[in-house]
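Peer 1: Take a look at the letters that make up each chain.
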Amino acid sequence: MIQTPEEPLGPRRVIGTPSPAPRAVDAQAEPEQPAFSADPPNVQHAKNAERLVAALFVLAFLAGCGFIAAYIGLEVGSSTIPKGGNDVVAVLRSNMALGTSLAVALLALGTGSMIWVRHLTPDIEIAEERHELESAPEDRRAFKRDFAEGAAISQVTRRPLVRRTMLLATAPLALAPLVLLRDLGPLPQTDLRHTVWKKGLRAVTLGGLRPLRPADISTPGSMITVIPEGYQDNDNALAKAGVILIKFGPGELHIPTNYNGGTLVSTMNWTIDNIVAYSKICTHVGCPVALYEQTTHHILCPCHQSTFDAANGANVIFGPAARALPQLPLMLTSEGYIAAASDFTQPVGPSFWERG
Amino acid sequence: MSSIISRRRHPAAGYAAVAGGLVVAGVLYSALSGGGASAATAAQDQSQVSQGHSLFLDSCSSCHGLDAQGTSQAPSLIGAGAAAVDFQMSTGRMPAKDLSAENERKPQTEFTQQQIYDIAAYVASLAGGPSIPSASQVSTSGANTALGEELFSTNCAQCHGFAGAGGALTYGKNAPSLNASTPTQIYEAMLTGPEAMPVFGDGTITPAEKKDIIAYITDTRTEANPGGFSLGRTGTVTEGLLGWLGGLGFLVLIAMWLTAKRRDGHVKAESEQHS
Chain S
1 MIQTPEEPLG
11 PRRVIGTPSP
21 APRAVDAQAE
31 PEQPAFSADP
41 PNVQHAKNAE
51 RLVAALFVLA
61 FLAGCGFIAA
71 YIGLEVGSST
81 IPKGGNDVVA
91 VLRSNMALGT
101 SLAVALLALG
111 TGSMIWVRHL
121 TPDIEIAEER
131 HELESAPEDR
141 RAFKRDFAEG
151 AAISQVTRRP
161 LVRRTMLLAT
171 APLALAPLVL
181 LRDLGPLPQT
191 DLRHTVWKKG
201 LRAVTLGGLR
211 PLRPADISTP
221 GSMITVIPEG
231 YQDNDNALAK
241 AGVILIKFGP
251 GELHIPTNYN
261 GGTLVSTMNW
271 TIDNIVAYSK
281 ICTHVGCPVA
291 LYEQTTHHIL
301 CPCHQSTFDA
311 ANGANVIFGP
321 AARALPQLPL
331 MLTSEGYIAA
341 ASDFTQPVGP
351 SFWERG
Chain Z
1001 MSSIISRRRH
1011 PAAGYAAVAG
1021 GLVVAGVLYS
1031 ALSGGGASAA
1041 TAAQDQSQVS
1051 QGHSLFLDSC
1061 SSCHGLDAQG
1071 TSQAPSLIGA
1081 GAAAVDFQMS
1091 TGRMPAKDLS
1101 AENERKPQTE
1111 FTQQQIYDIA
1121 AYVASLAGGP
1131 SIPSASQVST
1141 SGANTALGEE
1151 LFSTNCAQCH
1161 GFAGAGGALT
1171 YGKNAPSLNA
1181 STPTQIYEAM
1191 LTGPEAMPVF
1201 GDGTITPAEK
1211 KDIIAYITDT
1221 RTEANPGGFS
1231 LGRTGTVTEG
1241 LLGWLGGLGF
1251 LVLIAMWLTA
1261 KRRDGHVKAE
1271 SEQHS
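Protein chains in written order, with my numbering: chain S, 1 to 356; chain Z, 1001 to 1275.
For the record, the hints were derived by calculation from the structure and aren't laboratory data.
Take the hints with a grain of salt, since some may be wrong.
To be verified - Short, incomplete list of chain Z residues facing chain S, as computed with Cβ under 8 Å:
(1) PRO1095
(2) ASN1144
(3) THR1206
(4) GLU1209
(5) VAL1252
(6) MET1256
(7) ALA1260
What the hints assert, rightly or not - Footprint (simulated), chain Z over chain S, 3 or more residues, beta carbon under 8 Å:
(8) 111–125
(9) 213–223
The C-beta atom is built at its ideal place from N, Cα and C for all residues, glycine as well.
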C-alpha cells in the first residue's frame, strides 16, 4: 500500500480521475488510508483482464484490416464481375464481408474497452460540483462599460438618421425569402379536376399498347388495365388517367350511377356490352386499385383496404375511402374500338382542399 | 460464402426440375393427343371422353351435378373448358376438401395426370371452353421477360405481390403464391380466372404476352433472394428491423449494465485488502 497523504498531487495521479483535492477531507476522516488505490484488489484477476483486453484489441485490429481488404478485394461493379457472375450475389457477398468485419472490429473494440473499465480501473466514486452560472460581478460591470463605450464610439445613439436608414436598408433583405416562397408553385389550377381522356380517345392496354374491341374482353369476369392511347410515356397524364375495364355477365351489373357535375345520374349508357370503366386511382389517397375479385365484384385497395362494389357503381362498402371510384363514359369508335366518350365527370383520385 | 448462396438457390432448382418434368409430360400429352383430326385420334378422343365421363360421375357429380350443370354447392362446368379442369385438379384444389369458397393448393393424390386429362376432355366435350395450352404455348424460350415484368406489375402484382409471393384479398380470402405453379398452370389461371381471379383472356393479354409473364415469374425464382424471411423478395428487411429494434434494445441494456453500480462484494473485497 502506498501511503501518500502528504502529497496530494503525487505522481500516481492518472488522467481522467478527479483532482485529489477532496481527498483532504477523506484523509482527515481516515488519515491512514488514501481515497483510492490504483492497485487492483486481485493481481491475477487484473492480469487476466489485461490479456483479454489486449487480445480483443488485436482482434479489432485484424477485423479492421479485413474491412479494408474486403473493400479493395470484393468488387461489385458490373465491369469487374467475372463473366457469368451475378451482380446481386456479388453485392451480397461484398455487403456480408464489409458488415461482418466492421461489426467484429467495433464489437471487439467496445468489449475490450468495457472490460478495461470494469476490471482494470479502480472503483471510485466521483462527484462533480455545480457552480453558479452567473458571471462574476466585475465581469458584468466590465461588459456594461464596454457596451456603453462601443455605443458611444459608433455614434449610433447620437445619429438617428444613420441608425434608421440602416434599419430601412435591411428590411427588404429580411423580407426577400418570403417572396422567394412564391416560386414553389405553380398552383395546379384546374389540373386536379381533369384528365387527358376526351371524346374518341381510344383505350389501350398498359404494356401491350393494343386498342381493344368489346370482343377482346368478352368473357364475364375479365378485367384489364388500360391507358389513353399515345400517353404511355407521359407520367403526369398517366398518374390520373389509369382506368380498369371490367366485363360483367348478363344481369350481374346493377344500373350504375355517377356524379355528373353536382347531380347523380344513371350511367348505364356509359357502359358497352356490360363493360364498365372505373378510375384506377383510389379516392382515399390515390393508390392504384385493381385488386378485383370476379366472384364478389369487389375492388380492394391494397394500401388501406378500401373496398368498392364494382357491380354497383363502385360504391364504397368498406374502408376509409369517402367516394365511389369515378366512372369513365365509354363509346365505340367507327372501327369498333373501345374509347372514352368524354373526360371523367368528376375529379379522380383523393380529395383536395378546393374539391367541393 | 459462395457455397451458402449456391445452396440457397437449390430450392429454385427444385422448382425448375418440377416445371421441366411437367413440360415433358405436356409434350408427351400433346404428342399423344394433338396428332391431327384423323379417324383414329377421333376414336381415341371419344374413348377419352367416355372414360372422363365415368370418372366425373364417380368423383365430381355429387357436387357439380350429373350433367355438370352445377348444384347449390358447386358451379356449373358447362363451358368451363379443359384448361379450368386441368388447373383446378393439377393444383390439387379439386376434389375440394370442404365446400368453402376458396380451395388451397395441395398435392393431387387421388387422380393421375392422365385421369385429369380424361375428365378435362369430358368437360370440354360439353360446351367447349378454353383448352389446355400446349407445351409450345407455355414455353418461355424467346420470351420478353422485361415486358413480362411490366405486364405482371400492371395486371397481377396487386394481388400476387411483385414477385409472385401472394397476398391478402377481402374477407379472409387470399391470392396464392405463384412459386409452385407450373407454366401450364399459370397460363390456365390467366385463361380461366379460377375462384376470385379475373379472367385475362387472349383478347386482353395475348398468348405472346402470357409467355412473357410466365418468363418473368419463372425467371424471378432463380434470382438471388437475400435474407432469411424475405417477405416475398422484399429483401433483408425483417433482419434489418430485428437488428435495429433488438440491437438498440440490447445496446440500452449494455449501457445500463455498464453504468450500474458494482456489486458490494467487489468493494468489500477491496476494503478488506486495504484494512
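Peer 1: Hint by hint, note whether the structure agrees.
Peer 2: Results for each hint:
1. This hint is violated: PRO1095 of chain Z has a C-beta 20 Å from the nearest C-beta of chain S, more than the 8 Å allowed.
2. With a cut of 8 Å, the hint placing ASN1144 of chain Z at the interface with chain S is violated, because the nearest CB-to-CB distance is about 10 Å.
3. The interface hint given for THR1206 of chain Z is met, as the beta carbon of that residue sits about 7 Å from the closest beta carbon of chain S, less than 8 Å.
4. With a cut of 8 Å, the hint placing GLU1209 of chain Z at the interface with chain S holds, because the nearest CB-to-CB distance is about 6 Å.
5. For VAL1252 of chain Z, the interface hint is violated, since its Cβ never comes within 8 Å of a Cβ in chain S; the closest pair sits about 14 Å apart.
6. Contact between MET1256 of chain Z and chain S, as hinted, is not supported at the beta carbon level, the nearest pair being about 13 Å apart and thus beyond 8 Å.
7. Contact between ALA1260 of chain Z and chain S, as hinted, is not supported at the beta carbon level, the nearest pair being about 10 Å apart and thus beyond 8 Å.
8. Evaluation of the coverage hint for the segment 111–125 of chain S: fulfilled, as 4 residues show C-beta separations to chain Z shorter than 8 Å, against a requirement of three.
9. Coverage of a stretch by a chain is defined here by at least three residues with a beta carbon nearer than 8 Å to that chain's beta carbons; for the segment 213–223 of chain S and chain Z the count is 10, and the condition holds.
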